[in-house]
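Trainee: So the sequences go chain by chain: A and B. The first sequence begins at 1 in the numbering used here and counts up one residue at a time. The second sequence begins at 1 in the numbering used here and counts up one residue at a time.
Keep in mind that the hints were calculated from the coordinates and are not lab data. Incorrect hints may appear among the rest.
Heads up, the list lumps identical chains together, so a pair's fine if it works in one copy or across two of them.
[As the list claims (entries may be wrong)] Simulated pairs of lysine-lysine, DSS-like, Cα-Cα distance not exceeding 25 Å:
#1 292 - 158
#2 96 - 457
#3 413 - 107
#4 218 - 158
#5 158 - 108
#6 220 - 292
#7 343 - 40
#8 122 - 292
#9 40 - 432
#10 23 - 343
#11 292 - 218
#12 107 - 122
#13 218 - 107
#14 158 - 128
#15 371 - 220
#16 432 - 128
#17 371 - 265
Just so it is clear, the structure is predicted and the values come from calculations on it, not from any experiment.
Protein chains: 2
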Amino acid sequence: MNPISNEMIAELEALLGGNKVLKGDAIGADFAHDELPGGKFCAPALVCEAASTEDVAAVLTICNREAVPVTVRGAGTGLVGGSVPVCGGVVLSLAKMNAILELDSEKKTARVQPGVLLETLKAEAAAKGLYYPPDPGEKTATIGGNAATNAGGPSAVKYGVTRDYVRGATVVLPTGEVLQLGGATGKDNSGYRLLPLVLGSEGTLGVITELTLRLVEKPKTDVSLILPFLDGESCVNAALRILQEGMEPVALEYMDTDLVEFAGKATGNPVFPVEMDGERVGASLLLTLEGKDDELDSKMEAVAELAEELECLDILVVDTPTLKRDVWGAHDAFHTAVEGAAKSADELNMAVPAAELAGYVEYLKEIGEEKGIGVYAYGHVGDGGLHAYFCSDQSRDAFEPVMAELAELAYAKCRAVGGAVSSEHGIGYAKKAFLRASAGEAGYALMGRIKRAFDPKGILNPGKVV
Amino acid sequence: MNPISNEMIAELEALLGGNKVLKGDAIGADFAHDELPGGKFCAPALVCEAASTEDVAAVLTICNREAVPVTVRGAGTGLVGGSVPVCGGVVLSLAKMNAILELDSEKKTARVQPGVLLETLKAEAAAKGLYYPPDPGEKTATIGGNAATNAGGPSAVKYGVTRDYVRGATVVLPTGEVLQLGGATGKDNSGYRLLPLVLGSEGTLGVITELTLRLVEKPKTDVSLILPFLDGESCVNAALRILQEGMEPVALEYMDTDLVEFAGKATGNPVFPVEMDGERVGASLLLTLEGKDDELDSKMEAVAELAEELECLDILVVDTPTLKRDVWGAHDAFHTAVEGAAKSADELNMAVPAAELAGYVEYLKEIGEEKGIGVYAYGHVGDGGLHAYFCSDQSRDAFEPVMAELAELAYAKCRAVGGAVSSEHGIGYAKKAFLRASAGEAGYALMGRIKRAFDPKGILNPGKVV
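Bound conformation, chain A alone:
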């Protein structure tokens, strides 16, 4: 990789306009990191703000010619260092490409630039009576970042992940070539399927400069329920039965009581049950059902019957707007509450088969306890996605080597039970070693060859994924 010459800076300034090329002190500290706890701070040499696909293509053409690294950035809300320029070079910010180009209520599609915030898209769709389902919790993420990481979230159990909603995309290759992938028709078996490969590739294969997204009808009425259980196994069993009985929950969250207690203390707002009739709750389910009024009633009755059969301790109904806001607000704030309350904290994210979830959480707690580290976990039990926070009163420096050991154990166990090394956050730079172990040498080497097929000089987000 080459450093950036003054000639190259002048060329970029002439191309984009001087005020779109930031250097030196004009580059804010924000560009040097994302939201990975304890993550690296790596300032880029240059920040380029793109306004169009043509800008992106021109910047990439120049950087590819000069073999200068380019790291694409949206809102920087990632959790694995994916948008951090670990090899220096140029940060290409798409934050200002934030227009909703078209919102077609008849075709139920939205054509958007990548810098549109998830909350903006959701609000604009709602204003037209439509709904964009994927929601990883972080509402100030950009939709481009969601696509680059294939964001999921609780509603994926019914609605699927970001990849399921992208019908087409404009993608600029590292060489500056512009591809239109996917498109207007639902079925397409025309050669290799490049779109699902680029989605979730964390900015290492191409730069997404426009997305055509599928929207759905706004959901009918919904209600959330909290079901506490004495132990994790019963909680998971209940979740699996709810899925088997075809109740199609919109969310089905497994919450370990250690987590909800710790988060409740941290926020001073304990929403979820910790004890019932003098007995400690082991884990609770938080689920949302939706449907027309009578359909919803019959689903709730079915859950109530199941709950009795499955030794659920209680059913807490979350049906008013205030209650829903409080409960889902507390859920979406686990991340900030837990990490804010601990002196040092890391989060591990993986996918584990649902049947293994409770046992796996117990395992994490055990290995944490041996090292004096608290483990607080919740998961999307329908699709196996798990979030586990490791919290310590140690300094960051003392915590890190211990945490590295625990992460090794946690991902090894995850592989052993048939899980995947990342369910949602992606790989970034933080999880490359674990991906390699999980994909196997042949699979990891193949990913490397695919990377080179897209990016022969390796300029795009170097140091990430492979």
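Chain A is fixed; fit chain B onto it per the hints.
Mentor: Okay, now just chain B, sitting in the frame of chain A:
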């Protein structure tokens, strides 16, 4: 590419057993072609019958070492020459890897070998009260072939295509390395998504030796309706309204009257309306609705209201088992009926945005008429998939150059209206030139580099796709 040496044959015989390696006259004529009308006959030098993933890996290791072409074959029911060994070499038959390894009613998954026939899988799933939705019409295709071509069919409008049902696969790379792709958990963002890339790659990137498929609950009661219209535009408009009103049809087929008339005459079994009250029908919709009894009733009422509003000529209800068998049997037999009745015939398959469908069919008929060739078309209007048969009384030799010209025009127009060069049949060898034009030079070149990332020596199904 190298010829096959006697040493290599001996090595393969020692490995697989002599009776699993066919050569010379022992190779039946079937191995030289698929069901592409007027397609090439290319006999392989050798046929190897694999019984396991290990067999496949061993055969590929040897062929890769010797740089000998390998073409994988299931039941040979493809329509673009995908399984025809156009470069000679070895045909690797997976037809005898036809075991259903596991059918788990609780997890709703089936673990199968690739040689299982689609009709067998459907029947075995049904015996356990489960349903495998993808159905391209050809029931004697193998499930491995369905996965390799990402087969679709009418029900894709509601249920999606094969790719949507593959949770995991064992894939052998051309180098003999074995990958486990996908797996037990729903969410997985662990590096590049290789599985959707291999599915639909028509045996050019890897060999699928095992599949884990998602099954669903058996559908509730269903009913089919035939709605005839005076012209194609009204027919498409009605289809779009049915989709917009959220009736979730399981199938939504656009049938041009020229097609149903020609096919009805050919079979002597005219099922679909050609004339109503002395006026010629332009096109009919064939749709299937499903749901619980009262749900189904209300959907049918809604269709009836719409039909009146949209100047539908009649509503024919297909509700008895006999009627359903007759109507869908006639639909699934369009292909054989039309091609059997013509002296020379070809089928073009593409995807066209639904709103363009009627106009596009008119265009095909016009260009056909200029050359004295009849065009008979139907399509899955929900996702744009179109099947158009070009029929002539000319000899094959006279027909082919004319047909080549028409195909050029048809795919050029398809690109112009935002369509895709293949909705279901794939590319094979027959449609490579059209893929190149449709993907563009940058996209096509990238596909070529991806091919080399998987298959450095280019031994796997050479001459196909890219």
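Trainee: Go through the copies and call it for residue 292 and residue 218: within, between, both or neither, with a Cα cutoff of 25 Å.
Mentor: both (12 Å within a copy, 22 Å between copies)
Trainee: For the identical chains here, do residue 107 and residue 122 meet the 25 Å Cα criterion within one copy, between copies, both, or neither?
Mentor: within (17 Å within a copy, 33 Å between copies)
Trainee: When no copy is named, should residue 432 and residue 128 be tagged within, between, both, or neither for a Cα gap of at most 25 Å?
Mentor: neither (41 Å within a copy, 42 Å between copies)
Trainee: Classify it for me, residue 96 with residue 457: is the Cα-Cα distance of at most 25 Å met within a copy, between copies, both or neither?
Mentor: Answer is neither: 27 Å inside a copy and 44 Å across each miss the 25 Å cutoff.
Trainee: Reference check for the pair residue 122 and residue 292, CA-CA at most 25 Å: within, between, both, or neither?
Mentor: within (22 Å within a copy, 32 Å between copies)
Trainee: Have a look at residue 343 and residue 40 and pick one of within, between, both or neither, based on CA distance no larger than 25 Å.
Mentor: Within one copy only: 17 Å inside, 71 Å across.
Trainee: For the identical chains here, do residue 40 and residue 432 meet the 25 Å Cα criterion within one copy, between copies, both, or neither?
Mentor: within (15 Å within a copy, 47 Å between copies)
Trainee: Checking an output row: residue 292 and residue 158, CA cutoff 25 Å. Within, between, both or neither?
Mentor: both (16 Å within a copy, 20 Å between copies)
Trainee: Should residue 158 paired with residue 108 be assigned to within, between, both, or neither, using CA atoms and 25 Å as the limit?
Mentor: both (19 Å within a copy, 16 Å between copies)
Trainee: Reference check for the pair residue 23 and residue 343, CA-CA at most 25 Å: within, between, both, or neither?
Mentor: neither (34 Å within a copy, 71 Å between copies)
Trainee: 25 Å Cα cut-off: does residue 218 pair with residue 107 within a copy, between copies, both or neither?
Mentor: Within one copy only: 14 Å inside, 29 Å across.
Trainee: At most 25 Å between alpha carbons: which applies to residue 158 and residue 128, within, between, both or neither?
Mentor: The answer is both: 22 Å in one copy and 24 Å across copies each meet 25 Å.
The structure fails hints 2, 10, 15 and 16 (numbered hints given earlier, in ascending order).
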